[in-house]
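Q: Residues per chain are reported as follows:
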Amino acid sequence: MSAEVLCADHILETRGTSRDLGAHVVACAFAPDGSAGFALGDGTLRIATDGEWTSIAAHDGAVLALAADGRGFVTGGDDGKLRRIAAGEATTLADFGSRWVDQVAATPTHVAAGYGKKVAVLDAAGKTLKTLEHPSTVTGLVFDAKGKRIGASHVNGASLWFVAAKTDNPRKLEWKGSHTAIAISPDGENVVTAMQENALHGWRLTDGQHMRMSGYPSKTRALSFTRSGKFLASSGAESIVLWPFFGGGPMGKAPTELAGGDNALCTYVACHPQHEAVAAGFSDGLVVLADIGSERILPVAGPREAGAVTTLAWRPDGTRLAFGTESGFAAVIDFSKK
Amino acid sequence: MSASQTQDQVPVTVLTGYLGAGKTTLLNRILTEQHGRKYAVVVNEFGELGIDNDLVVDTDEEVFEMNNGCICCTVRGDLIRIVGGLMKRRDRFDGIIIETTGLANPAPVAQTFFVDDDVRARTRLDAIVTVVDAKHLPARLADSHEAADQIAFADVIVLNKTDLVTPAELEAVEARIREINRFAVIHRADHGNVPVTQLLDQGAFDLERVLARVPEFLTDDAHEHNDDVTSLSFSVEEDLDAEKFNAWIGALLAEQGQDLLRTKGILAYKGDDRRFAFQAVHMIADGGYIGPWRPGEKRESRIVFIGRNLNRPRLRRGFEACRA
Chain A
1 MSAEVLCADH ILETRGTSRD LGAHVVACAF APDGSAGFAL GDGTLRIATD
51 GEWTSIAAHD GAVLALAADG RGFVTGGDDG KLRRIAAGEA TTLADFGSRW
101 VDQVAATPTH VAAGYGKKVA VLDAAGKTLK TLEHPSTVTG LVFDAKGKRI
151 GASHVNGASL WFVAAKTDNP RKLEWKGSHT AIAISPDGEN VVTAMQENAL
201 HGWRLTDGQH MRMSGYPSKT RALSFTRSGK FLASSGAESI VLWPFFGGGP
251 MGKAPTELAG GDNALCTYVA CHPQHEAVAA GFSDGLVVLA DIGSERILPV
301 AGPREAGAVT TLAWRPDGTR LAFGTESGFA AVIDFSKK
Chain B
1001 MSASQTQDQV PVTVLTGYLG AGKTTLLNRI LTEQHGRKYA VVVNEFGELG
1051 IDNDLVVDTD EEVFEMNNGC ICCTVRGDLI RIVGGLMKRR DRFDGIIIET
1101 TGLANPAPVA QTFFVDDDVR ARTRLDAIVT VVDAKHLPAR LADSHEAADQ
1151 IAFADVIVLN KTDLVTPAEL EAVEARIREI NRFAVIHRAD HGNVPVTQLL
1201 DQGAFDLERV LARVPEFLTD DAHEHNDDVT SLSFSVEEDL DAEKFNAWIG
1251 ALLAEQGQDL LRTKGILAYK GDDRRFAFQA VHMIADGGYI GPWRPGEKRE
1301 SRIVFIGRNL NRPRLRRGFE ACRA
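Quick note, the sequences are listed as chains A and B, same order.
Position 16 of the first sequence, counted from 1, bears residue number 16 in the numbering used here, the numbering being contiguous throughout.
Here the numbering used here runs 1000 ahead of the position in the second sequence, where the first position is 1.
Since the hints were made in silico from the structure, they are not lab data.
A hint or two may mislead.
Said to hold, decoys possible - So, partial list: chain A residues that the calculated Cβ filter (under 8 Å) puts toward chain B:
#, residue
1, Asp42
2, Ala57
3, Arg99
4, Trp100
5, Lys130
6, Glu133
7, Ser136
8, Thr139
9, Val155
10, Gly215
11, Ser218
12, Lys219
As the list claims (entries may be wrong) - Derived Cβ-Cβ restraints for the label pairs, each shown as a range:
#, chain 1, residue 1, chain 2, residue 2, range
13, A, Asp207, B, Asp1060, 30 to 38 Å
14, B, Gln1034, A, Lys338, 54 to 62 Å
15, B, Asp1091, A, Pro108, 30 to 38 Å
Positions of the beta carbon are idealized from the N, C-alpha and C atoms, including for glycine.
For reference, chain B alone in the conformation it holds in the complex (with noise of 0.2 Å):
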């Protein structure tokens, strides 16, 4: 996606939350605060959101199956719909605003903007951001999927309603968020109180920032229950093969995409001195070269995986075996 960034490409946010978890309320802060940027927000609940915006955009999430082959690829019909009618007053708004359903997979919006063409021309991904509840996230994590689903895709995590607990149980929410999803960035929050400016232009799906914050090599993984989401990544010093990898994870997209939420990577191939960057949501995948290695930068290849029934031997060797 970064290889075709330009300019023009309107930044969008996705935000995404369990029921009661104060999205309206953060949504709500973003729109009145004054910070001199003009958002277009597609909301599903036109009423929730008490406030006067001639930008707000009334919708219902239609999620249908691409014929495409491949089971998990789905797309928000109604956003192809509504970012081509945005376009035709591109002058009035600087970025936009996705507002989900408390009970929305992230997947179908994430991958609308891998799949439509339009879509990817005019707009860029900027971050999912989503709002977890401090005091009710483990009860919640603990009868749905979806709650582990919306931390896993996060880029950015509200850690709302921190009010509500003991700084005990929220260092324990905290871990719990952790385990999901070690890759996101954490704001605590109480009633939604979290700047717009750590939350709009983030470049979250810049591929060139993706892996900047990847934590070095953790090897303790104490929690892998086979159904729970959790967060894995490897690095290779030496240089990979294109070929090999490109091989490797087309068919591990392919046999285990339904599992893999997110799959992101930084890759240095052999004989060429540009990063390639390369990320996935479940099977639709994208890759593209993004400059040189920097000065001072240490030439190496790192991926994450977030997602349900990793098996980290398997993965790392997979890895390893694509070194040229």
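If we strip away everything but chain A, and leave its shape as in the complex, we get (with noise of 0.2 Å):
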């Protein structure tokens, strides 16, 4: 064994740009021109370029959460504010009062936030085209893979809307129960949401089947599927819980584990977006790559001082990958071909 391999940073030393931010990183993603934004709890978005690090005020407090359009990245804090930042400025798109906007979610063409109750669907010039109210908070929010679908979890189950629909009547997913997170498979035909008694609950939207994942020691924050939708992989265990969506699963199936044995609790996980291959954060900071095939483990970042892992994001064309921790630090590594 070299000495590379022992050392877990080794990706990160030869292939990432990292930084210490100082403040808990809320969320990451990539804008559509390639740069890797970093949401904080001390109201600033840092945007990282090609090694080059920017910082810019978005919101009076904390980010709360982040997404990216199709014009450059769009956050919500808890000054009540949904706001783009495009182009090295920040404007303001929508002012909701009181109401943290601890929601968003975009496409191309559509921006959602949540508010409270009341999750606003803007198009891509920021004018509000509808407002779509929900029997309790909004804790997660999704597009389909397609972008013509919204999913919202919330108590006692999850809405689904069409975007374009001109009467707003959502599909109502009913199970009794706090639903903390909501994700949905690429062909659209699967919800699945993390509910407060550390267990996952589904919905087969062909034909109503419900399906129950549980087993979790923690509860579950980050759910990804892999690009094929075989797989959903969930933080919350000390492994990558990966079940299995295909062959009958996951009813009566038991979840592939991954990169465990380390004590430490996963805590965020992100499919790579065209391989069957997901990256994951743990709660002493470790990062890892894993290739679900193979079983293979590769360690990108960590464990380090920093505390756990708290967002990880693939930009689009799987080339780089952006994760951030609870006390600031933040890094992108670049996969591409060297």
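Using the hints, put the two chains back together into the complex; each one sits in its own frame.
A: So this is what it looks like as structure tokens:
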């Protein structure tokens, strides 16, 4: 074994750019121009472009949510504002008053922002098209792969809305309890939520079949389907937990567990946009890339003092991975061929 | 809870009290008084607080039942989310104050701090402070369960609007509060004029202090109407058997948890020189060792119950049967 393999930071050191940003990294995302944005608890958005780092004041308070749309970054803050940050400038898209804007999702053509029980849907120009009402506060917000539907999690289930519908009646997916995160499979046929009781709940939309996935020692924060939709990766256990969505699964099937054994909780997952691979972050700051087919694990960074990994994101072309931690360490890794 | 407490945990004060008791006035005092500390404040009626504070969070109380087979385990989903959000700018404040609505049952707030792992890891419930109106409390107690529950859950009671009652009425209302909860600290006030130091950073849920102020055994319980909230305490001088205690308290909470609003105890287990602290809100219980008995401290086990339908002889027999 060479010394290089033993060093967990080898990839970070040879292929990464990193900074200590000094505040909780809430979320990261890649803009259409390929730059990585990091939303921070101090209200700023830090942007890394080819190793250059810049800072933009985004919110008065903390940035609570971040997404990339067709023009740049969109952020939600605890100042009640929804802002767009593009070409080095921040503009206000909407002001929701005293409510936290803690959920933001976007496609190249639409932006959705959750504030309290409501979700505002805006077009790319920032015009509010409609406001969707939910029975309780929206805790997770996601567009499906085609950008045609919006899923929102809340108490006692999730609501599924058509973006372009003339009349707004959601398909209600019901299951008693508090649902705190949501994902839609790439084929649009499965909706999965994370629950307060350390479990996942799913609905197969074709026939309404319920799916229950349990056994986690803590709450799941991150859910991510692989590109093929064959696996759902999840955080919340001491390994990456991958549920099979094929061959009749996940019902009655055991999940695949990868990168376990270090007594650290997996705190975030993000599946690669092209390959059957998943990047995962852990409570001790470790970041790994796991190839699902071969079950091979590539250490990317850490463990380090900067605390648990709070966010991970892939550039849509799959060549860059960004991640951030609780105490403000942030990095972008270049996985392109050299 | 105390076993895992660290300096990093943010103290949380829950401010409860019936409509019109003076909660908002008290909150305004806390926020304007110069005490050198910054508080994030969670409120339900944003407009009522006439204060510009960027750390005021507007929320709707969202209570939901946990799917854990425990019928009275309800928690505040909005608080779990807000605590998570506030922790993203942890360096900006020293503590969190949560104001509940006037009609709120305090149990879901308290249970949130027992049940959710993320909330437990980052915060500690410092005290439940209940504001009561000296003039109107008797009427409130007569027409609602919530008024009694709010007193029962309190660690600190601000007996407000004392300027509106006669000394005799004040004595009577204080005696009535004592019948419900004889363990809370009572501060008499008008216009919420209680020093902030008497309300915040009390460490009231810190089990090390839980029973420090338990008054000595009172044997006369003049009022034990079944529907009234009362409080009882027992002590045992001999050491307890941990297994027997767990079996007894587990069965008791399962059977009567809905009636038992709060249960707290400091226990001396046989063969252990450390004090074991125990507390529960309804059926949700928590416990841990809190360090050795202090020199000169009487090694005895004490337990306190605050709730409805408390059967004194039965509870006493049950507790005494836990002796090793």
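Q: Each of the hints needs a verdict: does it hold here or not?
A: Tested hints:
Because the closest C-beta pair between aspartate 42 (chain A) and chain B is about 7 Å apart, less than 8 Å, the hint holds. Checking alanine 57 (chain A) against chain B by beta carbon gives a least distance of about 14 Å; that is not within 8 Å, so the hint is violated. Satisfaction of the interface hint for arginine 99 (chain A) is found here, the shortest Cβ-Cβ separation to chain B being roughly 6 Å, below the 8 Å cut-off. With a least beta-carbon distance of about 6 Å to chain B, the hint placing tryptophan 100 (chain A) at the interface is held under the 8 Å criterion.
A cut of 8 Å between beta carbons decides the hint on lysine 130 (chain A): the least distance to chain B is about 22 Å, and the hint is violated. Look at glutamate 133 (chain A): its Cβ only gets to about 13 Å from chain B, farther than 8 Å, so that hint breaks. Because the beta carbon of serine 136 (chain A) sits about 5 Å from the nearest beta carbon in chain B, less than 8 Å, this interface hint is met. Interface restraint check: threonine 139 (chain A) against chain B, minimum CB-CB distance 7 Å, threshold 8 Å, status holds.
A least Cβ separation of about 5 Å between valine 155 (chain A) and chain B falls short of the 8 Å threshold, and the interface hint therefore holds. The closest approach between the C-beta of glycine 215 (chain A) and any C-beta of chain B is roughly 15 Å, which is over the 8 Å cut-off, so the hint fails. The interface hint given for serine 218 (chain A) holds, since its Cβ lies 6 Å from the closest Cβ of chain B, which is under the 8 Å cut-off. The restraint placing lysine 219 (chain A) at the interface with chain B holds, with a minimum CB-CB distance near 7 Å, inside the 8 Å limit.
Evaluation of the 30 to 38 Å hint for aspartate 207 (chain A) and aspartate 1060 (chain B) yields a pass: the beta carbon distance comes to about 35 Å. For the hinted restraint 54 to 62 Å between glutamine 1034 (chain B) and lysine 338 (chain A), the CB-CB distance of approximately 59 Å keeps it satisfied. For aspartate 1091 (chain B) paired with proline 108 (chain A), a C-beta distance near 36 Å keeps the hint of 30 to 38 Å intact.
The earlier numbered hints that this structure contradicts are 2, 5, 6 and 10.
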